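Undergrad: The primary structure of each chain is shown beneath.
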Amino acid sequence: MRGAQVSRTLAGAAPWLAVLLALAILPRLLPDWLGFLLTVAFAKALVVLGVAVLLRSNLVSFGHGLYFAAGAYTVGFAAKWLHLREAVLLIFGAVVVSGALAALLGLFLARYRGIFFGMLTLAFSMILYSLLLRLYWLTGGTDGMVTAPPTILGVVPGAAAGRAHYYLTLVCLALALALTRRWLGSPLGYLASAIRDNEIRVEYMGASVRQGIYRTYLLSGVLGGLGGCLVAFSVGHIAPEFSYWTQSGDFVFVTVLGGYASVFAPVMGSVVFELVRNYAYALSPYTWQMSLGAILLLIVLFLPRGLWSLLAPRAPVSSPWTSSSRR
Amino acid sequence: MDTLTLILLDGIAFASWLFLVSAGLTFAYGVLRILNIAHGSLYAIGAYTGATLAGLVLHSGANPFLAYPVLVGAALLVGLALGPLLERGFLRRVYDQEEVITLLLTFAIFLILEDGMKLVWGVSPIIVAEPYALLGQLPLAGVTYPVYSFLLTGVAIVAGLALWVVIDRTRFGKLITSVIHDREISAALGVNVPRICTVAFTGAAMLAALGGAFTAPMVSVTPGISADVIVLAFAVTVIGGLGNISGGAIGALLVGLLRATAIQFFPALDLFVVYALMAVILLVRPEGLFGGVEVRRI
Numbered sequence: 000m001r002g003a004q005v006s007r008t009l010a011g012a013a014p015w016l017a018v019l020l021a022l023a024i025l026p027r028l029l030p031d032w033l034g035f036l037l038t039v040a041f042a043k044a045l046v047v048l049g050v051a052v053l054l055r056s057n058l059v060s061f062g063h064g065l066y067f068a069a070g071a072y073t074v075g076f077a078a079k080w081l082h083l084r085e086a087v088l089l090i091f092g093a094v095v096v097s098g099a100l101a102a103l104l105g106l107f108l109a110r111y112r113g114i115f116f117g118m119l120t121l122a123f124s125m126i127l128y129s130l131l132l133r134l135y136w137l138t139g140g141t142d143g144m145v146t147a148p149p150t151i152l153g154v155v156p157g158a159a160a161g162r163a164h165y166y167l168t169l170v171c172l173a174l175a176l177a178l179t180r181r182w183l184g185s186p187l188g189y190l191a192s193a194i195r196d197n198e199i200r201v202e203y204m205g206a207s208v209r210q211g212i213y214r215t216y217l218l219s220g221v222l223g224g225l226g227g228c229l230v231a232f233s234v235g236h237i238a239p240e241f242s243y244w245t246q247s248g249d250f251v252f253v254t255v256l257g258g259y260a261s262v263f264a265p266v267m268g269s270v271v272f273e274l275v276r277n278y279a280y281a282l283s284p285y286t287w288q289m290s291l292g293a294i295l296l297l298i299v300l301f302l303p304r305g306l307w308s309l310l311a312p313r314a315p316v317s318s319p320w321t322s323s324s325r326r
Numbered sequence: 000m001d002t003l004t005l006i007l008l009d010g011i012a013f014a015s016w017l018f019l020v021s022a023g024l025t026f027a028y029g030v031l032r033i034l035n036i037a038h039g040s041l042y043a044i045g046a047y048t049g050a051t052l053a054g055l056v057l058h059s060g061a062n063p064f065l066a067y068p069v070l071v072g073a074a075l076l077v078g079l080a081l082g083p084l085l086e087r088g089f090l091r092r093v094y095d096q097e098e099v100i101t102l103l104l105t106f107a108i109f110l111i112l113e114d115g116m117k118l119v120w121g122v123s124p125i126i127v128a129e130p131y132a133l134l135g136q137l138p139l140a141g142v143t144y145p146v147y148s149f150l151l152t153g154v155a156i157v158a159g160l161a162l163w164v165v166i167d168r169t170r171f172g173k174l175i176t177s178v179i180h181d182r183e184i185s186a187a188l189g190v191n192v193p194r195i196c197t198v199a200f201t202g203a204a205m206l207a208a209l210g211g212a213f214t215a216p217m218v219s220v221t222p223g224i225s226a227d228v229i230v231l232a233f234a235v236t237v238i239g240g241l242g243n244i245s246g247g248a249i250g251a252l253l254v255g256l257l258r259a260t261a262i263q264f265f266p267a268l269d270l271f272v273v274y275a276l277m278a279v280i281l282l283v284r285p286e287g288l289f290g291g292v293e294v295r296r297i
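Residue numbers (numbering that gives the first Met the number 0), protein chains in the order written: chain A, 0 to 326; chain B, 0 to 297.
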């Protein structure tokens with residue numbers, strides 16, 4: 000019995016391992032710039048994943064730049080004050096900082112829904128933005144901070160830094176995806192979609208809506224911090240704009256672009272977004288936002304479950320928005 | 000003493016500006032239940048159009064004081080051109096959906112208009128400072144203060160009064176109120192709800208553009224001004240109570256004075272206080288200082 004279970008788990012994991020392997024040899028085949036683009040896309044996919052788990056409960060965070068910036072500035076400050084350059088420690092630090100922040104703010108946010116949730120998350124992220132922007136002596140103001148490439152388990156990557164960051168990000172992403180997938184399959188994960196469908200029934204069945212939202216928010220904040228930290232590694236420069244509302248808006252945009260029926264949808268959304276942005280920006284620097292806007296418009300009006308729904312038409316989640324039109 | 004005068008004057012000037020840029024947002028939310036991110040773009044388009052048209056008037060050698068009515072005209076023009084287009088073309092499709100959908104939709108419109116402006120006006124700043132400089136400075140209680148700020152306050156008061164008269168004193172205002180209270184029943188009673196919505200949104204767009212047009216002489220109009228203004232307008236709207244116009248006026252005054260105080264004593268915290276106040280208000284009274292009760296789900 001136990002052996003059968005193990006072999007079934009292995010069989011289930013095999014396709015994902017194959018994908019992981021393919022992604023692992025990918026940077027050898029791709030030019031450096033594309034590898035860099037993928038690294039950033041994967042790192043941001045973590046933040047998007049954070050927005051997506053909240054969106055499953057119909058909560059739109061219009062301030063996830065907060066955690067993105069918190070993770071990134073953790074790296075900046077750790078290097079500035081503690082002279083810390085070890086990636087594993089920095090990642091740990093970013094997770095702790097963003098987790099603590101989410102644990103605090105989640106206490107307040109768990110009471111809010113709909114537009115009020117969005118507005119409050121927006122306010123929190125703008126508070127951080129205004130501090131990062133104005134406390135020049137501490138944060139470097141609009142100039143931001145330059146973050147030196149970290150050492151990875153004591154090894155200085157040197158010339159191979161780009162590839163090292165790619166693998167580091169890939170490992171983090173794979174772990175986060177596995178964890179989030181488990182979470183979504185757990186009772187708590189199902190609670191999230193139940194909350195979207197009908198909160199009152201969830202309460203009647205004896206589950207705590209507030210606690211469910213609080214824990215989801217915690218996960219979502221940690222994912223955001225992790226993403227910010229990894230972007231700081233690979234880009235090497237952080238700025239207050241990480242916490243600005245347009246950055247948060249981009250994360251929501253990518254979430255909607257990819258959809259959130261599966262944990263892989265945010266990754267796909269993020270990669271598509273970075274590619275589209277890169278090419279659109281190169282082709283026409285003045286209209287790339289316009290093309291993004293037009294895509295978002297089409298998706299909101301015609302494809303509310305995101306690009307992923309094209310690949311997996313029979314997604315297990317009922318249509319997220321039509322099932323819960325305004326009560 | 001001078002500091003206090005300065006705080007008061009700066010506060011009132013900033014509050015007038017805030018009221019102008021947020022009144023339309025509040026109004027649109029009140030009637031249509033749409034939190035319009037593209038409001039910032041309408042503001043920016045108003046600023047560009049105002050600057051361009053005022054610049055034309057000034058360079059044509061006409062009486063430079065004509066620039067002021069031209070600014071108003073520019074705002075009306077922008078509102079009339081874009082208001083019905085956006086409302087009929089896009090917003091109308093999502094009225095019966097969740098508020099977050101409308102947020103995303105208007106974010107998409109924001110992105111599109113943002114680049115639209117770059118296509119029309121380019122990326123180099125447009126500066127038309129004459130309307131600001133023309134009015135000169137006024138010595139007042141120990142400080143000299145630009146007269147244009149008083150004009151701004153005047154425009155804000157006129158706009159606020161006009162909104163009040165339309166909503167509280169006209170038949171059309173009564174119809175708007177009935178639509179706010181219950182869209183279906185209003186429609187059943189023969190109110191032309193779609194038309195009311197279009198007109199209301201057009202009014203909101205005009206207000207946004209008016210705010211932009213009268214800001215244009217004070218700043219250099221560049222891409223990106225819309226992103227900054229929209230969060231400030233959100234803050235004021237939330238503080239005053241979503242959809243509550245007199246609340247919006249008091250919210251604007253509160254934010255204006257608070258920010259002016261911060262600028263005098265802790266200049267680094269000028270933006271912080273605005274968003275901190277927004278967060279505190281949302282935590283203590285999510286319906287805003289003057290919002291009604293029971294706006295929240297559960």
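The hints are simulated quantities; they were obtained by calculation from the structure and are not laboratory data. In this text the structure is predicted, and so the values were computed from the model without any measurement. Any given hint could turn out to be false.
What the hints assert, rightly or not - If you want the ones that stay clear, here's a sample from chain B, every Cβ over 10 Å from chain A, calculated:
id : residue
1  : I36
2  : T51
3  : V71
4  : F89
5  : T176
6  : E183
7  : P193
8  : R194
9  : I229
10 : L253
11 : L268
Said to hold, decoys possible - Which stretches of chain A does chain B cover? Using the computed rule of at least three CB atoms under 8 Å from a CB of chain B, they are:
id : region
12 : 54–61
13 : 82–91
14 : 108–116
15 : 245–255
16 : 261–271
Claimed, not checked - Chain A is faced by these chain B residues, among others (derived, beta-carbon under 10 Å):
id : residue
17 : L8
18 : V93
19 : L103
20 : A107
21 : F109
22 : L118
23 : L134
24 : L174
25 : L276
Note that the Cβ used here is the ideal one computed from N, Cα and C, for glycine as well.
Undergrad: Should the interface hint for B/L8 be scored as holding, given a Cβ-Cβ cut-off of 10 Å against chain A?
TA: violated, 23 Å
Undergrad: Under 10 Å is the threshold here; is the Cβ of B/A107 close enough to any Cβ of chain A for the hint to stand?
TA: holds, 4 Å
Undergrad: Is the nearest CB of chain A more than 10 Å from the CB of B/F89?
TA: violated, 7 Å
Undergrad: Please check whether the beta-carbon of B/R194 is more than 10 Å away from every beta-carbon in chain A.
TA: holds, 22 Å
Undergrad: Tell me if B/F109 is really an interface residue toward chain A, meaning its C-beta lies closer than 10 Å to one of theirs.
TA: Check passed: Cβ of B/F109 comes within 7 Å of chain A, closer than 10 Å.
Undergrad: Tell me if chain B covers the region 82–91 of chain A under the three-residue, 8 Å CB rule, please?
TA: violated (count 0)
Undergrad: Any CB of chain A closer than 10 Å to the CB of B/V93?
TA: holds, 8 Å
Undergrad: In terms of Cβ atoms, is chain A entirely out of 10 Å range of B/I36?
TA: Given a closest Cβ separation of 8 Å, the condition is violated.
Undergrad: Regarding the assertion that B/E183 does not contact chain A, is the least Cβ-Cβ distance greater than 10 Å?
TA: holds, 13 Å
Undergrad: Could you let me know if the closest chain A CB is still more than 10 Å away from the CB of B/L253?
TA: holds, 15 Å
Undergrad: For the restraint on B/L118, tell me whether the closest CB of chain A is nearer than 10 Å.
TA: holds, 6 Å
Undergrad: Hint check: is the beta carbon of B/L103 less than 10 Å from a beta carbon of chain A?
TA: Given a least distance of 5 Å, the restraint on B/L103 holds.
When each numbered hint is compared with the structure, violations occur for hints 1, 4, 9, 11, 13, 16, 17, 23 and 24.
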